[in-house]
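Number of protein chains: 2
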Amino acid sequence: MPIYNAPLADMKFILNDVFKAEQFWQNNENLAHVDAATAEAILEEMAKFAQNVTHPLNRTGDEEGATYSNGSVTTPAGFKDAFKQYAEGGWIGLAADEEWGGQGMPKMLTVLADEMLFSTNPSFMLYPLLSVGAGMALNSYASQEQKETYLPKMYTGEWSGTMCLTEPHAGTDLGIIKTKAERNEDGTYNITGTKIFITGGDHDLSENIIHLVLAKTPDAPAGSRGISLFIVPKFIVNADGSLGERNAAGPGSIEHKMGIKASATCVMNFDGAKGYLVGKENEGLAAMFVMMNYERLSMGIQGLGASEFAYQNAAQYATDRLQGRSASGVQSPAKPADSILVHGDVRRMLLNARANNEASRAFAVYVGQQLDITKFSTDAEAVKTANDRVALLTPIAKAYLTDTAFQATLDAQMVFGGHGFIREWGMEQCIRDLRIAQIYEGTNGVQSQDLIGRKTIKCGGAFIAEYIQEIRDFTNDLSADLNFIKDATLDAAAEVESVTQYVLEAAGENVEFSNSAAVDYLHAVGLLSFSYMFARIANAAKDKDGEFYQNKLSLALYFVQRVLPELAVRIQKVKAGSEIIMNFSEDYFTNQA
Amino acid sequence: MPIYNAPLADMKFILNDVFKAEQFWQNNENLAHVDAATAEAILEEMAKFAQNVTHPLNRTGDEEGATYSNGSVTTPAGFKDAFKQYAEGGWIGLAADEEWGGQGMPKMLTVLADEMLFSTNPSFMLYPLLSVGAGMALNSYASQEQKETYLPKMYTGEWSGTMCLTEPHAGTDLGIIKTKAERNEDGTYNITGTKIFITGGDHDLSENIIHLVLAKTPDAPAGSRGISLFIVPKFIVNADGSLGERNAAGPGSIEHKMGIKASATCVMNFDGAKGYLVGKENEGLAAMFVMMNYERLSMGIQGLGASEFAYQNAAQYATDRLQGRSASGVQSPAKPADSILVHGDVRRMLLNARANNEASRAFAVYVGQQLDITKFSTDAEAVKTANDRVALLTPIAKAYLTDTAFQATLDAQMVFGGHGFIREWGMEQCIRDLRIAQIYEGTNGVQSQDLIGRKTIKCGGAFIAEYIQEIRDFTNDLSADLNFIKDATLDAAAEVESVTQYVLEAAGENVEFSNSAAVDYLHAVGLLSFSYMFARIANAAKDKDGEFYQNKLSLALYFVQRVLPELAVRIQKVKAGSEIIMNFSEDYFTNQA
Numbered sequence: 001m002p003i004y005n006a007p008l009a010d011m012k013f014i015l016n017d018v019f020k021a022e023q024f025w026q027n028n029e030n031l032a033h034v035d036a037a038t039a040e041a042i043l044e045e046m047a048k049f050a051q052n053v054t055h056p057l058n059r060t061g062d063e064e065g066a067t068y069s070n071g072s073v074t075t076p077a078g079f080k081d082a083f084k085q086y087a088e089g090g091w092i093g094l095a096a097d098e099e100w101g102g103q104g105m106p107k108m109l110t111v112l113a114d115e116m117l118f119s120t121n122p123s124f125m126l127y128p129l130l131s132v133g134a135g136m137a138l139n140s141y142a143s144q145e146q147k148e149t150y151l152p153k154m155y156t157g158e159w160s161g162t163m164c165l166t167e168p169h170a171g172t173d174l175g176i177i178k179t180k181a182e183r184n185e186d187g188t189y190n191i192t193g194t195k196i197f198i199t200g201g202d203h204d205l206s207e208n209i210i211h212l213v214l215a216k217t218p219d220a221p222a223g224s225r226g227i228s229l230f231i232v233p234k235f236i237v238n239a240d241g242s243l244g245e246r247n248a249a250g251p252g253s254i255e256h257k258m259g260i261k262a263s264a265t266c267v268m269n270f271d272g273a274k275g276y277l278v279g280k281e282n283e284g285l286a287a288m289f290v291m292m293n294y295e296r297l298s299m300g301i302q303g304l305g306a307s308e309f310a311y312q313n314a315a316q317y318a319t320d321r322l323q324g325r326s327a328s329g330v331q332s333p334a335k336p337a338d339s340i341l342v343h344g345d346v347r348r349m350l351l352n353a354r355a356n357n358e359a360s361r362a363f364a365v366y367v368g369q370q371l372d373i374t375k376f377s378t379d380a381e382a383v384k385t386a387n388d389r390v391a392l393l394t395p396i397a398k399a400y401l402t403d404t405a406f407q408a409t410l411d412a413q414m415v416f417g418g419h420g421f422i423r424e425w426g427m428e429q430c431i432r433d434l435r436i437a438q439i440y441e442g443t444n445g446v447q448s449q450d451l452i453g454r455k456t457i458k459c460g461g462a463f464i465a466e467y468i469q470e471i472r473d474f475t476n477d478l479s480a481d482l483n484f485i486k487d488a489t490l491d492a493a494a495e496v497e498s499v500t501q502y503v504l505e506a507a508g509e510n511v512e513f514s515n516s517a518a519v520d521y522l523h524a525v526g527l528l529s530f531s532y533m534f535a536r537i538a539n540a541a542k543d544k545d546g547e548f549y550q551n552k553l554s555l556a557l558y559f560v561q562r563v564l565p566e567l568a569v570r571i572q573k574v575k576a577g578s579e580i581i582m583n584f585s586e587d588y589f590t591n592q593a
Numbered sequence: 001m002p003i004y005n006a007p008l009a010d011m012k013f014i015l016n017d018v019f020k021a022e023q024f025w026q027n028n029e030n031l032a033h034v035d036a037a038t039a040e041a042i043l044e045e046m047a048k049f050a051q052n053v054t055h056p057l058n059r060t061g062d063e064e065g066a067t068y069s070n071g072s073v074t075t076p077a078g079f080k081d082a083f084k085q086y087a088e089g090g091w092i093g094l095a096a097d098e099e100w101g102g103q104g105m106p107k108m109l110t111v112l113a114d115e116m117l118f119s120t121n122p123s124f125m126l127y128p129l130l131s132v133g134a135g136m137a138l139n140s141y142a143s144q145e146q147k148e149t150y151l152p153k154m155y156t157g158e159w160s161g162t163m164c165l166t167e168p169h170a171g172t173d174l175g176i177i178k179t180k181a182e183r184n185e186d187g188t189y190n191i192t193g194t195k196i197f198i199t200g201g202d203h204d205l206s207e208n209i210i211h212l213v214l215a216k217t218p219d220a221p222a223g224s225r226g227i228s229l230f231i232v233p234k235f236i237v238n239a240d241g242s243l244g245e246r247n248a249a250g251p252g253s254i255e256h257k258m259g260i261k262a263s264a265t266c267v268m269n270f271d272g273a274k275g276y277l278v279g280k281e282n283e284g285l286a287a288m289f290v291m292m293n294y295e296r297l298s299m300g301i302q303g304l305g306a307s308e309f310a311y312q313n314a315a316q317y318a319t320d321r322l323q324g325r326s327a328s329g330v331q332s333p334a335k336p337a338d339s340i341l342v343h344g345d346v347r348r349m350l351l352n353a354r355a356n357n358e359a360s361r362a363f364a365v366y367v368g369q370q371l372d373i374t375k376f377s378t379d380a381e382a383v384k385t386a387n388d389r390v391a392l393l394t395p396i397a398k399a400y401l402t403d404t405a406f407q408a409t410l411d412a413q414m415v416f417g418g419h420g421f422i423r424e425w426g427m428e429q430c431i432r433d434l435r436i437a438q439i440y441e442g443t444n445g446v447q448s449q450d451l452i453g454r455k456t457i458k459c460g461g462a463f464i465a466e467y468i469q470e471i472r473d474f475t476n477d478l479s480a481d482l483n484f485i486k487d488a489t490l491d492a493a494a495e496v497e498s499v500t501q502y503v504l505e506a507a508g509e510n511v512e513f514s515n516s517a518a519v520d521y522l523h524a525v526g527l528l529s530f531s532y533m534f535a536r537i538a539n540a541a542k543d544k545d546g547e548f549y550q551n552k553l554s555l556a557l558y559f560v561q562r563v564l565p566e567l568a569v570r571i572q573k574v575k576a577g578s579e580i581i582m583n584f585s586e587d588y589f590t591n592q593a
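The listed protein sequences derive, respectively, from chains H and Y. Read in full-length UniProt numbering, the first sequence has 88 at position 88, and its numbers run on one by one without any break. Read in full-length UniProt numbering, the second sequence has 385 at position 385, and its numbers run on one by one without any break.
No wet-lab data here; the hints were simulated from the structure. Given the structure is predicted, the values throughout are model-derived calculations rather than measurements. Note that the Cβ used here is the ideal one computed from N, Cα and C, for glycine as well. There's no promise every hint is true.
Keeping only pairs whose Cα atoms sit at most 30 Å apart, straight-line, the calculated BS3-like set for lysine-lysine is [what the hints assert, rightly or not]: (1) K575/Y x K20/Y; (2) K20/Y x K486/H; (3) K575/H x K575/Y; (4) K575/Y x K542/H; (5) K48/H x K80/H.
Quick list of simulated restraints, FRET-style, between CB atoms [what the hints assert, rightly or not]: (6) N70/Y x T319/H: 35 to 45 Å; (7) D186/Y x T67/H: 27 to 37 Å; (8) Q85/Y x T67/H: 33 to 43 Å; (9) D543/H x N387/Y: 58 to 68 Å; (10) T319/H x R225/Y: 20 to 30 Å; (11) N387/H x F474/Y: 40 to 50 Å; (12) T319/H x G508/Y: 28 to 38 Å; (13) K375/Y x T67/H: 27 to 37 Å.
Sample of chain H residues lacking proximity to chain Y, with all beta carbon distances greater than 12 Å (derived) [said to hold, decoys possible]: (14) M1; (15) G78; (16) Q85; (17) G187; (18) T217; (19) R423; (20) E466; (21) A493; (22) Q550.
With the rest of the complex left out, here is chain H (with noise of 0.2 Å):
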């Protein structure tokens, strides 16, 4: 069976050394109610509740699955428990504003919280996710009335939220969704079209879904500029907040998938549904879009928390298994064989995860710090530079951090040789699970495009030249023991922003270059990001005694020499161009000839 142990110690170490949070949540009078002791106490807890109630139900959610039948969805033996559980705890609003039942905690920590959920059952995580980006969504546009009537019970998870975007015909490209929304006399309208991919589109956990759902007015522009939000409840809500009619709104059938089984994944079928406006028609993609940055930097830590699970259970494994013996001499004489950990090429696969986690750790955490600071902060100035680092930094969370959790949880699969590939010993659903967190919320493809698009080149590479600021502000200052992580961190920085210019002068003479070369200059941007934050680790754990910060010095190094010379291969990539790319006809894809 699996393992799982929350890295609490880890979580601490960035909270309260590497990014001081107390300090930071103690001048700030919007979030002065939260201390290092509430923080650490909320750990604590989420670390029993994922050890003891989500991780059980991991393997068996996953061998049941969601199931689909006479038009409803039925969740794996546990997971009703489980929600009922996590709702009465007051998990589900913890980042929530306290005026709708929500705990008000900063995202630097709910981040840390989210993890080990994400650790212990992806597929459960995404049930209430789903419910808080819901909520975000209509905490920032939805009326008085509206918040009023759906936000409480969505915290409290009697209710749950969806997310309604994606058409059978429409993924990335939105503005061409079909589903119609005709206005009724009384205000309201009638949703009428087919979703796809609808994650908690229907189940048995809450009495009632509030699905978000796009469509477009009869008369509304073409494209993107013509969609509309709006709220359509699985069943009526009264006046007095009593639940009424069923709508005609429900799941046609549940998709068959790699992984997260136990999520399900709905086509959704609404047949003239009744639906309610959130804000004004036609501007519904940005209401969506406060919902969607929430669900990507999740992405992120799904990619973490999958990470995490793989290294420790990799770890164990490697630890406990006798095979062979060390090139240095035998290790283990009263043993049959040394433990797999003598081989260096275990060490490195165990090394390159472990060096993910703890970057993407101290990444996500910063990236949380950044969106607390936007809407916590009273200082103008400070939001302002806060949204443009969390524009940028979001397609980075998501990709970036996806991208190389996999890579972990790959890595950490081979160290179980042939095991790894059986079931029972949990790495391969692992794997699976990730998987998809490299694909929805937006492909890493399009994660690239929006970074290099909209966040780069559409400012002129200003977003790019801020964060480049910022890490050279904060390295220059490191001291001279720090060395190895300054030179390797400002040299990135350096080679980050001579491509950023590359960037903006090719994209100016051609127009197919920047799509071409998004993912690498993604890969770029990410490395320089895990560079800062090992700077940071680093300067947090030099003057610490104890093995713990040593081991933090040491894996910084480990970083520097065995991962960030990958940022030269892809500069050089983003330097190929797309000239070679686009030349190829597009008949020559299916021709072998």
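For chain H, the structure is supplied; the task is to place chain Y on it using the hints.
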């Protein structure tokens, strides 16, 4: 439903134009029975079999899986009939000696036939594959009587074969196996022990199963020098060749796996089963390596097959899927969106896969040719050179071709967006089925140790030096219009030569070095090998008219610009050494602190 069209045009180009196979065969008296027309007819027949018989059984086989009940294994519906057709077509013995009922076809042809089966149904392919491997081991080491008893029926498919190495506690480290072989007075042995991960350990495709089992006699030397090889038939074969009593050898259960679910992976129990020694006591490992080396090249072809299948489906999906518009203006104004082939990033993923396929296919044929020289040539010098080359290239064929193929299938899946995660599209099964190829028959890490250790350091770099010399001899003769691939290949050869020198020196100074550097070193040699293959492809295409040949040159250029740059980072990682890896204490890995 997934598609598959056998890539016959590329196969013929590689055989006829790149390797001038007919000339090679006709110049060898032992292969003079093979000409281009025969070879093409064989490929066309196999294409029909793969497209019409094994391909339709791929998904159903995955859904149903092999099942175990009451001590025996049932294969999925359709497998039995398909195996019968395959056997009756003479495919099992395609490369086997005519003396035993085989067709005596050269390896450079059979690798291409194998590719088609691996593309369309890797689970199915493993059943005959194990028979062929077992047949090769018997052909090399068994007595004349044993060959007469077993080989003909294995090539007709009446019987099949397995390879029983791994035990619960002993995978890579076969020296510590516990299975006992006790000699009886009649010269037979009683075999007792448990083997795991036995592919085709039981099934319903053939009347009898001939297990080749590694075991230790009571007085055997410790470690790998005390391993003997035994024939352990499921049913004892009577003197007249008929089947006698059931032997005490059978499956205890089958594994539940990530993929290749239609292939039965058995736990095998030998309870004093009757066994017949192959060759001499304590010399079993050499015989098993005949089989293992064959399987290792086959795993590389499994990679190629999966990558080709994934590419074809992704290219078709990209052609059919309309999303977004080209950056350079609307391409299909009559349609609601352009095909996603207008996006450079989609093309990048497809071209990565296609470049992998064409280089891998050429490399498989190249290694096949070297194997044919070792088997059929009468020139002792040529045989020696080819033996060295096969020794060097087997781990690369196994590990590099599966590593790059796995990445290619991931890229292909990503082209599908969310649909790639859904079972009906076939991409997720392709990935699950392929993943094992990186793990079994010696993990890719173990292959890398073999390359850097036994095949490089042990011979002082002689094998790689000979290979680089061959590459230089060929590449130096290229005409000036091929400078793009000539220069790239010569540069890569120089870099691999230099890093090999580095490896030899570093290994002499530090026994831990090679294990830590192995995987990156293997990838460096793999990249050089693919560059060499593209040099051969480009040379064969350059003077020919038509888009088919022009596209070969363009794909070679794509490889140079977009794949080969990875060589630099592999070399940098080799040179990073083992110090930072080995400095962590063993406790570090499982402790968070």
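Evaluation of the provided hints:
no.: 1; hint: K575/Y x K20/Y; in the structure: 39 Å, violated
no.: 2; hint: K20/Y x K486/H; in the structure: 56 Å, violated
no.: 3; hint: K575/H x K575/Y; in the structure: 25 Å, holds
no.: 4; hint: K575/Y x K542/H; in the structure: 27 Å, holds
no.: 5; hint: K48/H x K80/H; in the structure: 18 Å, holds
no.: 6; hint: N70/Y x T319/H: 35 to 45 Å; in the structure: 38 Å, holds
no.: 7; hint: D186/Y x T67/H: 27 to 37 Å; in the structure: 58 Å, violated
no.: 8; hint: Q85/Y x T67/H: 33 to 43 Å; in the structure: 37 Å, holds
no.: 9; hint: D543/H x N387/Y: 58 to 68 Å; in the structure: 59 Å, holds
no.: 10; hint: T319/H x R225/Y: 20 to 30 Å; in the structure: 29 Å, holds
no.: 11; hint: N387/H x F474/Y: 40 to 50 Å; in the structure: 58 Å, violated
no.: 12; hint: T319/H x G508/Y: 28 to 38 Å; in the structure: 30 Å, holds
no.: 13; hint: K375/Y x T67/H: 27 to 37 Å; in the structure: 55 Å, violated
no.: 14; hint: M1; in the structure: 14 Å, holds
no.: 15; hint: G78; in the structure: 20 Å, holds
no.: 16; hint: Q85; in the structure: 26 Å, holds
no.: 17; hint: G187; in the structure: 31 Å, holds
no.: 18; hint: T217; in the structure: 18 Å, holds
no.: 19; hint: R423; in the structure: 4 Å, violated
no.: 20; hint: E466; in the structure: 26 Å, holds
no.: 21; hint: A493; in the structure: 19 Å, holds
no.: 22; hint: Q550; in the structure: 10 Å, violated
The structure fails to meet hints 1, 2, 7, 11, 13, 19 and 22 from the earlier list, while all remaining hints are met.
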